[in-house]
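**Q** Sequences listed follow chains A and B, in order.
467 is the number that the working numbering gives the last residue of the first sequence; the numbers go up by one with no jumps.
1137 is the number that the working numbering gives the last residue of the second sequence; the numbers go up by one with no jumps.
Please note: incorrect hints may appear among the correct ones.
What the hints assert, rightly or not - Residues of chain B clear of chain A, computed beta-carbon distances all greater than 10 Å:
#1 Val1030
#2 Gly1047
#3 Tyr1055
#4 Glu1056
#5 Thr1062
#6 Leu1063
#7 Leu1067
#8 Gly1068
#9 Gln1084
#10 Leu1089
#11 Val1092
#12 Val1099
Claimed, not checked - What follows is a set of in silico ranges between Cβ atoms, one per label pair, in the way DEER data are often shown:
#13 Gln1124(B) x Ala317(A): 12 to 20 Å
#14 Met444(A) x Leu1042(B): 34 to 42 Å
#15 Ala317(A) x Asp1117(B): 18 to 26 Å
In case anyone wonders, no lab produced these hints; they're calculated from the structure.
Everything numeric in this text was worked out from a predicted model, so none of it was measured.
Positions of the beta carbon are idealized from the N, C-alpha and C atoms, including for glycine.
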Amino acid sequence: MRRRLPYVLPVLAFLLLWLLLARSISPGAILLGAVLAVAGGAVLAWLRMPVGRLGRLRGVPGLLAAILAEVVRSNNAVARIILRPPPPGTRRAGFVAVPLRMRDPRGLSALACILTATPGTVWVDYDARSGVMLMHVLDMVDEETWVRTIQDRWERPLMEIFE
Amino acid sequence: MTASADIPLWAALPVALLVLAGAALGLVGSIGLLRLRSFYERLHAPTLATTLGIGAILAGSMLFFTVLQTRPVLHEVLIAAVVVVTTPVTLMLLARAALQRDRAEGSTQVPGAAAPEAPPRE
């Protein structure tokens, strides 16, 4: 019970979630939301959710902007492949194994969300021992380029935030 | 919706465009399901609808209800967040199930499993 404090952020997030759902900031809604949020925090504590501190948050806006831009770009690219399929043999889909240095579970799940949110890449498997993430790519130009893109564009900023 | 008649033209056009764009992306994703050849390739198609597709529809919805001012617009942000967070779960489940099956069948189309873990002895 002394360890409740690390869950302050999640509890506040739960409260915000409730207020958004209730579409109200009346005292009643806040009170009910607070009770539910603290209960949610207690469940997290009971589940022993890993707590970790956040690193530098300076990179968050830039990362969000980069994600948004990449979502639009990759949607366009995949829609093109579907609507006007390149002649057979010119496009190659395949698996890419990306070695990751990031070990923080929150960072890894954020990376999974990013890869899913950008069509054309799907997170397939992750080996926690070696830290190698296996993903499937719809348009594989060059394996090495994909590995570098994941590491430089997503992994590094995520590590700054979560580690 | 009866109130939709009251929406001014300058707002109605972008709302219509956004909703149509979202619907179009959903359609393209479905066509992709038909056209793409392997299971792993087909995994990519529906993500069009769950990313920019849903994003465009939600943006249109936010604009519509902001102009009508019937309620605060933050509701859609919540939907977007929940979709973004939950989609990887299903997608990963499907991908890993397929991978598991292909590996068990000894398919040469998928990369092999990581080296089996050494027995935890000593």
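**Q** Determine for every hint whether it applies to the structure shown.
**A** Hint by hint, here is what the structure shows:
1. Every CB of chain A is more than 10 Å from the CB of valine 1030(B) (nearest about 19 Å), matching its label as outside the interface.
2. Some Cβ of chain A comes within 10 Å of the Cβ of glycine 1047(B); the nearest lies about 4 Å off, and the non-interface call is violated.
3. Non-interface status of tyrosine 1055(B) relative to chain A is broken: a Cβ of that chain comes within 10 Å, the nearest being about 5 Å off.
4. Some Cβ of chain A comes within 10 Å of the Cβ of glutamate 1056(B); the nearest lies about 5 Å off, and the non-interface call is violated.
5. Distance check on threonine 1062(B): its Cβ comes as close as 4 Å (rounded) to a Cβ of chain A, failing to clear the 10 Å threshold; non-interface status is violated.
6. Interface exclusion of leucine 1063(B) from chain A breaks down, the closest Cβ pair being 5 Å apart, not more than 10 Å.
7. Chain A draws leucine 1067(B) into its interface by the beta-carbon criterion, the shortest separation being 4 Å against a cut-off of 10 Å.
8. The non-interface label for glycine 1068(B) is inconsistent with chain A: the shortest C-beta to C-beta separation is roughly 8 Å, within 10 Å.
9. Every C-beta of chain A lies more than 10 Å from that of glutamine 1084(B), the closest at about 13 Å, which supports listing it as non-interface.
10. For leucine 1089(B), the shortest C-beta to C-beta distance to chain A comes to about 6 Å, within the 10 Å cut-off, and the non-interface label is violated.
11. Distance check on valine 1092(B): its Cβ comes as close as 8 Å (rounded) to a Cβ of chain A, failing to clear the 10 Å threshold; non-interface status is violated.
12. Residue placement check: valine 1099(B) does not keep its beta carbon more than 10 Å from all beta carbons of chain A (closest about 6 Å).
13. Hint check: glutamine 1124(B) to alanine 317(A), Cβ distance near 42 Å, so the stated range 12 to 20 Å is violated.
14. Taking the beta carbon of each, methionine 444(A) and leucine 1042(B) are about 26 Å apart, not inside 34 to 42 Å as hinted.
15. Distance hint check for alanine 317(A) and aspartate 1117(B): the Cβ-Cβ separation is about 38 Å, which falls outside the suggested range of 18 to 26 Å.
Hint compliance for this structure: hints 2, 3, 4, 5, 6, 7, 8, 10, 11, 12, 13, 14, 15 are not met, and every other hint is.
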